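K.L.:
In full-length UniProt numbering, the protein residues as written are 1 to 326.
Bear in mind the hints are in silico, worked out from the structure with no lab data behind them. Treat the hints with caution; some may be incorrect.
[Stated by the list, open to error] Calculated pairs, DSS-like style, for lysine-lysine (alpha carbon to alpha carbon, straight line, at most 30 Å):
| no. | residue 1 | residue 2 |
| --- | --- | --- |
| 1 | 100 | 242 |
| 2 | 100 | 53 |
| 3 | 100 | 65 |
| 4 | 285 | 266 |
| 5 | 285 | 301 |
| 6 | 193 | 47 |
Since the model is a prediction, treat every value here as computed from it, not as a measurement.
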Amino acid sequence: MKKAAASSILIIIVLAVFVLANSFYVIDEGTQCVVIRFGEIVRATTKAGLNLKIPLLETTVVYPKKVMSLEGDSQRIPTRENQFIIVETTSRWRIVDPVKFYESVTTTETAYSRLRDIVDSAVRTVITSSGLNEVVRSSNLINDLQHEENFALGSESEDVEMEDFTGEKIVYETIERGRRALSSEMADIAREKVPEFGIELLDIVPRQIRYSDELTESVYNRMIKERNQIAQRFRSAGEGRKAVWQGMLENERRRLLSGAYSEAEKIRGQADAEAARIYAEAYGKDPEFFRFWRSIEAYRKTVPNFDKVLSTDMDFFRYLYSPSGR
Numbered sequence: 001m002k003k004a005a006a007s008s009i010l011i012i013i014v015l016a017v018f019v020l021a022n023s024f025y026v027i028d029e030g031t032q033c034v035v036i037r038f039g040e041i042v043r044a045t046t047k048a049g050l051n052l053k054i055p056l057l058e059t060t061v062v063y064p065k066k067v068m069s070l071e072g073d074s075q076r077i078p079t080r081e082n083q084f085i086i087v088e089t090t091s092r093w094r095i096v097d098p099v100k101f102y103e104s105v106t107t108t109e110t111a112y113s114r115l116r117d118i119v120d121s122a123v124r125t126v127i128t129s130s131g132l133n134e135v136v137r138s139s140n141l142i143n144d145l146q147h148e149e150n151f152a153l154g155s156e157s158e159d160v161e162m163e164d165f166t167g168e169k170i171v172y173e174t175i176e177r178g179r180r181a182l183s184s185e186m187a188d189i190a191r192e193k194v195p196e197f198g199i200e201l202l203d204i205v206p207r208q209i210r211y212s213d214e215l216t217e218s219v220y221n222r223m224i225k226e227r228n229q230i231a232q233r234f235r236s237a238g239e240g241r242k243a244v245w246q247g248m249l250e251n252e253r254r255r256l257l258s259g260a261y262s263e264a265e266k267i268r269g270q271a272d273a274e275a276a277r278i279y280a281e282a283y284g285k286d287p288e289f290f291r292f293w294r295s296i297e298a299y300r301k302t303v304p305n306f307d308k309v310l311s312t313d314m315d316f317f318r319y320l321y322s323p324s325g326r
């Protein structure tokens, strides 16, 4: 009897300890829970601390209270210009109503799945109605900055600005909203659908935006076209400068040749005058010899070209038959 009584007391003590231990539950900082009785929600506890529950009849489901992140799937989405881009997003969310959360999705894994569908749909809706520049740029600050594109030209690697060289300034397309505004619009669309899950969606941020393969090729081709246009501008400007320099060189050549010709004619005139003076001085000493010498020179140049001579009784041939010229 004593052993049976001792055993009963021990069982009672164990049961009492078990019941007492299951009568309390602890809510840690950063967590919240709902108390379930026979599958129905009895109450929700959002404050940290020690709480009571009915043992064996009531159970607790604990949810995080902190902000959680959702990594969206990589999506291939067309823009308004029907240019496909690859978009990956990150969303921040938290559970603000554990009762609704338990009733609608129950587990965080299910919440991730439902929320991912909502976010992906909102992202696709906004991007398909927006232009490519709106998606990838946040503001028009690039047009306000003093944008310069320098090129190294010549052997001295002189930096030349495109605007100075071609007279053109690079202007980028003006955007109306930009990536930040689109992110807010995505979040607003998604927020309309998440309150029924007891969830608060804080924001949606594009983590990565990259071009699709076909768009990448198109962008490269456009870049090549732009570089070719710039190269053609350089060629045209170079041809213009070449024509200017060639004109200057031609004018300088003509000026030098004209000066040289003038100087040469001046020297030639002086030389001819000096030669004439010397000849005159020399021939003036014997005029008869001068006439004889001129006649002989004339015979040497003209007689070989005569086909026939009709008469030699001419004053021109006076020295041909008579040394004295008579």
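K.L.:
So, for every hint listed, does it hold in this structure?
P.N.:
Do the hints match the structure? See the list:
For the given pair, residue 100 sits about 79 Å from residue 242 by alpha-carbon distance, which is inconsistent with the 30 Å threshold. In summary, the hint linking residue 100 to residue 53 is supported, as the alpha carbons are separated by about 21 Å, within the 30 Å threshold. With a C-alpha separation of about 14 Å, the suggested pair residue 100 and residue 65 falls inside the 30 Å cut-off, and the hint holds. This hinted pair checks out: residue 285 and residue 266 have alpha carbons roughly 29 Å apart, not beyond 30 Å.
Between residue 285 and residue 301 the CA atoms are separated by roughly 25 Å; this keeps the pair inside 30 Å, and the hint holds. Taking the CA atoms of residue 193 and residue 47, the gap is near 27 Å; set against the 30 Å cutoff, the hint holds.
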